[in-house]
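Peer 1: The primary structure of each chain is shown beneath.
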Amino acid sequence: MNARAPESSRLVQAESESARIDDAVRRARQGDVGAFEIVYRAHAARIYALCRRMVGDDAQARDLVQDVFVRAWERLTTFREQSAFGTWLHRLAVNVVLEQLRSRKRDDARHTDADEWLAGPGSLAERLDTRMDLDKALARLPAGARTVFLLHDIEGYSHDEIAQMTGIAPGTARAQLWRARRALMGMLDV
Amino acid sequence: MTDNTTHLTEDERHTAADGSLPAERRAHVEAHLAACDTCAADVARIVAFMKRTQESTAPGAAASLDELWSPIRARIEATKVVALDAPTPSTSTRSPVRLVVAGIAAALLITTIVLRIRPHEQQTSVVAEAAPDSSLLRAVADSTKAYEAEAQILLDRLEIQRATMRPEARAAIDRNLHVVDVAIAELKDAIARDPNNPALRQLLATSYRQKVELLKRANAS
Amino acid sequence: MKRLLIAIALTARSALGQSAADGPVLKAHAIDSTGSINLYVPTGSVRLVAWDRDSIVVRGQMARNARLFYGGGPQGVKMGVEGPSRGDSEPSNLVIYMPHHGRASVRTASATIVGDGVSGEFYSSSGNIRLSGVVSSVEAEAMNGSLDVDLTTPWLRARTGDGHLLIRGAPQDVDASTIGGTLDIIAPKVMRGQFVSVSGDIHWIGSPARGSVFDFSNHNGAVDLALSPSASVALTLSSVTGTIENGFTRVTPIASPPRTLRFNLGNGDAHVTVRTFKGAIRVRPE
Chain Y
23 MNARAPESSR LVQAESESAR IDDAVRRARQ GDVGAFEIVY RAHAARIYAL
73 CRRMVGDDAQ ARDLVQDVFV RAWERLTTFR EQSAFGTWLH RLAVNVVLEQ
123 LRSRKRDDAR HTDADEWLAG PGSLAERLDT RMDLDKALAR LPAGARTVFL
173 LHDIEGYSHD EIAQMTGIAP GTARAQLWRA RRALMGMLDV
Chain B
11 MTDNTTHLTE DERHTAADGS LPAERRAHVE AHLAACDTCA ADVARIVAFM
61 KRTQESTAPG AAASLDELWS PIRARIEATK VVALDAPTPS TSTRSPVRLV
111 VAGIAAALLI TTIVLRIRPH EQQTSVVAEA APDSSLLRAV ADSTKAYEAE
161 AQILLDRLEI QRATMRPEAR AAIDRNLHVV DVAIAELKDA IARDPNNPAL
211 RQLLATSYRQ KVELLKRANA S
Chain V
812 MKRLLIAIAL TARSALGQSA ADGPVLKAHA IDSTGSINLY VPTGSVRLVA
862 WDRDSIVVRG QMARNARLFY GGGPQGVKMG VEGPSRGDSE PSNLVIYMPH
912 HGRASVRTAS ATIVGDGVSG EFYSSSGNIR LSGVVSSVEA EAMNGSLDVD
962 LTTPWLRART GDGHLLIRGA PQDVDASTIG GTLDIIAPKV MRGQFVSVSG
1012 DIHWIGSPAR GSVFDFSNHN GAVDLALSPS ASVALTLSSV TGTIENGFTR
1062 VTPIASPPRT LRFNLGNGDA HVTVRTFKGA IRVRPE
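Chain order of the listed sequences is Y, B and V.
For the first sequence, the working numbering gives the first residue as 23, with consecutive numbering after it.
For the second sequence, the working numbering gives the first residue as 11, with consecutive numbering after it.
For the third sequence, the working numbering gives the first residue as 812, with consecutive numbering after it.
Bear in mind the hints are in silico, worked out from the structure with no lab data behind them.
Heads up, some of the hints might be wrong.
Dumping the calculated SDA-like pairs for lysine to any residue here, alpha-carbon to alpha-carbon at most 25 Å [stated by the list, open to error]:
id, chain 1, residue 1, chain 2, residue 2
1, B, K61, Y, S40
2, V, K1000, Y, F101
3, V, K1000, V, R941
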């Protein structure tokens, strides 16, 4: 028996699914809303996960998922098919969430949330009686630190990319990330 | 192993843990980690934390994301350009000429017109009256509700910001909001008298979209 | 690094379009050809000029007691004018040269924005916005400032409240709206157009392109289509309580509201739909 057969059939299935979604993107760009629904169902979970982690609230995340896909529909003509659609959509989602966070914070010139660390990073490292999962711990971080942590450690953006997206200096982004890690490690008893 | 009295900086520890240490610093940091239990243990903790982060799965609720598609679709449809012909699902979106699909209601439902046609005139059309499509009316109603909810959220946020706005900016926002709100009120009155008129509902959805966009601009200013 | 910046500035001085009238060089910085610029200027003016160099040069005159904050790297720059207090900002006038393939995100309170060949997002509360040139896409919004866009672009989105919105040039896909301001469109290359107002009048002048699709919607402002005599358009006009005037043929809608009129000019190669609540609809020869 060929031990590689199951893997190869999975690969074929994955490729065919990828081609189906690429085709749906192309048709959606021509105005086919039905095709855009296919795109939505393929990407909604990942976009929801991103939004949920960035804003820490289920209801807001669901609103943001709507905003992301409506904006994606409006901006489909700007999608250049040389890059992966998922990457483009992900980037657009990050921008939508950051806009939301910025409009709440109303400070798009500087983005230091030193005040939000209360008495200092040590004060956020609460010791809890029960272990806290990562999402609950993330929700306790200040918005700016949570954003930087999510974008770097979970979504894989570089410090320079994060700086560009959020408008903060790369050095500030790095410092925020170190503090976020320490705070989370404290909350999660790592 | 012995502890060094001078330890790694926070920056060095984190970049050693996530592999982003600059090449020129690597030898020094690795040598220190080999000789310092304290720093080595701390870096190992950070590595363990990052591994746990990577292994964590996305929050649940993927199944319930299905219900988000209807309001998304309603918002998309509310922004579409209307085509003349009543679209059928299999043909409406494939033709390169029909780059946009019919709006939610008005263009699909044209009342009967009696026309006098003379030989030297341009061609004109007589369109038979069609019954309102209830699914389209529901879709418009859904999008209106979604816009109402969104407008209220934005208004609440705007209230918080009003105190810090320049007076001219506040006045401009209020002026524009008044114009839109009057239009919305008139349309709602008209819909109350003629609830099955899809043209009115589509005009209402358009006015709401204008309001939401205006409030977003106001919140961003 | 300093030598590089001086070299960029010296080279920049000789580049096309720059002049001493732009003011002294405030910043000069190497940037990727697709680098982004995020800019805030409260009052005064900002002019952005696209050029074929991988650098950004900022020239101009800063307001007294204002400071230019500036940061970023090769992929993007964030900068702006910060005065002692926002409400009391004196005008600063900046001219920014940036790569043609870059994107700008510009925000002002009352400063005017002028863009020449620059793609991106432009927002002003009460300042006017004037954009021209060949770009990849533009979003322009003002609360009550006026917008004048003369662009060749695949995609344009423009919004204003009670300012005047004028669209010219060759945008292909246009989404434009006002609340009470007048919306004028003289752009025959538009292929998909959505034009909306609440109480401002909308005027279209010219011949819609073959295969194009337009949607005009107005609450109580008028929609006035001045079409070329050779226009080839399929028209659907409907108003709940407003009047519909057909200046091309003798076909008229029924006398009592709601009124709808459909007719073709030529072969009906473009599709135009107009809907109003009580605004008048007029279709007439240009």
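Peer 1: If a hint holds in the structure, say so; if it does not, say that too.
Peer 2: Structure-based check of each hint:
no. : hint                 : in the structure
1   : K61(B) <-> S40(Y)    : 28 Å, violated
2   : K1000(V) <-> F101(Y) : 22 Å, holds
3   : K1000(V) <-> R941(V) : 20 Å, holds
Of the numbered hints given earlier, the model fails hint 1 alone.
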